[in-house]
Amino acid sequence: MSASELVSFLSSAIIASMPILLAAVGEVFDQRGGVMNLGLEGVMLMGAVSGYVAVVKTGSLTVAVLCAVGAGLLMGLLFSFLVVTLQADQTVCGLSITLFGTGLSGYIGKSVSGVASSLVFKPVSIPLLSKIPVLGPVLFHQDVMVYFMYVLVFASWFYIYKTKGGLILRSLGENPSTADVLGISVVNLRYLYTCLGSVLAALGGAYLTLAYTPLWADKMTSGKGWIALALVIFSMWNPLLVAVGAFLFGGINVLALRMQVAGAAVPSQFLNMLPYLCTILVLIFATGNFRGRRKSLAPKALGQPYDRESR
Amino acid sequence: MKKNEMRILALLLTLALAIACLAGCSSGKAETAETTAAGSAATTAAGSAATTAAGERKCKVGVVNTGTAETMAWTRAHKEGIDYLKEKMPDLDVVWVEDVADSGPDCGTVIDELVNEGCNLIFTTSYGFMQATQEAAKKYPNVLFFHNQSTTYGDNLGVYDVRDYEAVFLTGYLAERVSKGNFLGYVGTNPMPTVIRAANAFALGAKYANSDVKMQAVFTNSWYDVTAEKEAALALIDSGAKALGMQVSSPAVVQASQERGIYSVGFSDDMHDYAPKSVLCSFKWNWGPLYLYMVQSFIDGTLTKGEDLFFGLDKGCGGITAYNKDLVSDDIAKDCDALFEKLKSGDVKVFYGAIKDNTGKTHGTADKDLPSEDIRSMDWLVDFMSGKV
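For the record, the sequence lines run as chains L and S. Be aware that the first sequence starts at 1, since it is given in the working numbering, and climbs by one per residue. Be aware that the second sequence starts at 312, since it is given in the working numbering, and climbs by one per residue.
If you're looking for bench data, these hints aren't it; they were derived computationally from the structure. If you're wondering where the values come from, they're calculated on a predicted model, not measured in any experiment. One or more hints might be untrue.
In the PhoX-like style, the derived pairs of lysine-lysine whose C-alpha atoms are separated by at most 20 angstroms in a straight line are [what the hints assert, rightly or not]: (1) S:K525 with S:K553; (2) S:K491 with S:K636; (3) S:K491 with L:K122; (4) S:K491 with S:K645; (5) L:K110 with S:K390; (6) S:K491 with S:K553.
Pairwise CB distance ranges, derived in the manner of DEER restraints [what the hints assert, rightly or not]: (7) S:A331 with L:T85: 17 to 27 angstroms; (8) L:S2 with S:T673: 33 to 43 angstroms; (9) S:L324 with L:A265: 53 to 63 angstroms; (10) S:M503 with L:V92: 49 to 59 angstroms.
Residues on chain L that point at chain S, a partial pick, calculated with CB under 10 angstroms [unchecked claim]: (11) E5; (12) L104; (13) G106; (14) S113; (15) G114; (16) V115; (17) A116; (18) N253; (19) A256; (20) A262; (21) A264; (22) P267; (23) Q304; (24) D307.
A virtual CB, placed ideally from N, CA and C, is assigned to each residue, including glycine.
Taking the hints into account, I'd like the entire structure generated from these sequences.
Pasting the structure below:
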């Protein structure tokens, strides 16, 4: 592979990783707080369609991003209401959100189906850094959403592990009744972090329609929400590892197609299977009960509604 | 919130949800069926076809589709064909059902309903409906069924398809003339005969313009994966492809082509608006004339049993949108139009003679057309096109 081919490949890998990465980082916040949101696919689609309808109708990327954020917020509020206030089963509600989001986005998307938008986030070079050989153009010749992602990943890692706010977040997921006794509002904070997670997932979906493939097609996320969920477990709820996993997944996807072009002797169907195979393998090693391994690192109260009266 | 208040709220929400579901159900199920009966033609009794004194049969057409015309290019192409039919025969009774699941019992259920409504000519447009259509044909011997793109026919089950490869050959020629590239690419969905024959046709069309051209085909192995289509296009472009042909479900390939400044040909929809600096023209299925032929022959009594209808340019099926004036010069447009006429008349044949594939095997016989069965079961790529199927 020549240098320019390598740059092109790595650059594509980062772009390919974006939707899953954003949704997975959002889900890390959700799950660290003890809430398991299985509705990522639906929220991503809602973010994607909201962003696209907004950009087609208003011609402004800013408005489009705000609309996607709004869509994520509404979906997040709905989900929080169901699982935090009504304390309904989180798995069932998450799946319902997926179905709801998929269906509603298809309905909203009818008005822009077949409508082209020429407004996308174009790559912007960062002056000095993009001159570094190979890594320069790969990392620093991307669009603003990617730069936002760099900041998001590090800020999330720092917040969760190094700040008091992050400690409180983790306590919500490990032992909410203790947090409650200390005067922390479990309900309010779970609402906050669930909505934050939804907003990020919606942005992940919007990245598809506003930057990656600027068109709307029914169910266009093609399962990326589910990959993001697996990625959260794979990365042991650590935003830095989420980024690594997302690059890996996106990269292998791109690699599979490039290997097909390069004429690899392996059948193309096997190459397409590779990313999922790798994800499964890593999941087994990350969460399996091997001798000498630590027990699962999942937040202990994950998936359990917090009911003060039954404390 | 106290437990009792929560219970009441949950109960109210469930009630609201139930009412919404009932309201949704009463206005139509998962399949939306629009009946258009412009004329006052009475619907025939279930299954039987009444003949009028003039020897004509009454015809009520049913069309079963997967996905919706709004969201799926494939179904949209069929909708355009049916609209063409309705335009030419405004009094015709047509029941259009879409969003029927590709596999499972839904197709059979929908066919049952159509027959009960009096449909006596039923088209099923998705490959996945094959088994359901075959079973329905056995169940309703008085109804004529036509299944799209399969090959088994007989009694009251026919098959119909468009010789897309003729128009695709033209798009390959156009792509090579405009791009003047030595290397062109083709992005396909699944490596199935209908996609493979289009890839080969595109390649052969390019070769017709430039005998030294090399081609590469890439398959996303999914009927529907927008980002994979884009990545496949980028991979081909990075390998040096100067123009891309495609048979995929979204405009991602033409968008990728425009991003990187190369030419492309759209598929099934007019993709000009998605990439006006890249799209030379788009391939269109043009199912209309085929539908018109089937219905007219049914009505005048010449189509009474299942037949194998494989229509091409000479019957008006398959074709392209207008050339992109900004990218296609008048000379090239003239040559393409001339080629179109030659393809229509049969002076230029796409699959003719002994054709070598990229594993060394030869298909077809010298000085003879490649038989239709071979075209429909094509699982090889021409020798100057790299790629695995």
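Structure-based check of each hint:
1. S:K525 with S:K553: Status holds; Cα separation ~11 angstroms.
2. S:K491 with S:K636: At roughly 17 angstroms apart (the allowed maximum being 20 angstroms), K636 (chain S) and K491 (chain S) satisfy the hint.
3. S:K491 with L:K122: Given pair K491 (chain S), K122 (chain L) is violated - Cα atoms ~29 angstroms apart, limit 20 angstroms.
4. S:K491 with S:K645: 17 angstroms, holds
5. L:K110 with S:K390: 16 angstroms, holds
6. S:K491 with S:K553: Holds, at roughly 8 angstroms.
7. S:A331 with L:T85: 17 to 27 angstroms: 21 angstroms, holds
8. L:S2 with S:T673: 33 to 43 angstroms: Taking Cβ atoms as reference, S2 (chain L) and T673 (chain S) lie about 36 angstroms apart, which means the hint holds.
9. S:L324 with L:A265: 53 to 63 angstroms: 57 angstroms, holds
10. S:M503 with L:V92: 49 to 59 angstroms: 38 angstroms, violated
11. E5: OK, holds: E5 (chain L) within 10 angstroms of chain S, min 6 angstroms.
12. L104: At about 13 angstroms, which exceeds the 10 angstroms cut-off, the nearest Cβ of chain S leaves the hint on L104 (chain L) violated.
13. G106: The hint holds - G106 (chain L) has a Cβ within 10 angstroms of chain S, the shortest such distance being about 7 angstroms.
14. S113: 5 angstroms, holds
15. G114: 7 angstroms, holds
16. V115: With a closest approach of 8 angstroms, the V115 (chain L) hint holds.
17. A116: Hint on A116 (chain L): holds, closest Cβ of chain S at ~4 angstroms, below 10 angstroms.
18. N253: OK, holds: N253 (chain L) within 10 angstroms of chain S, min 7 angstroms.
19. A256: Holds, about 9 angstroms.
20. A262: OK, holds: A262 (chain L) within 10 angstroms of chain S, min 8 angstroms.
21. A264: 9 angstroms, holds
22. P267: 6 angstroms, holds
23. Q304: Status violated, d = 17 angstroms.
24. D307: 9 angstroms, holds
The structure fails to meet hints 3, 10, 12, 23 from the earlier list, while all remaining hints are met.
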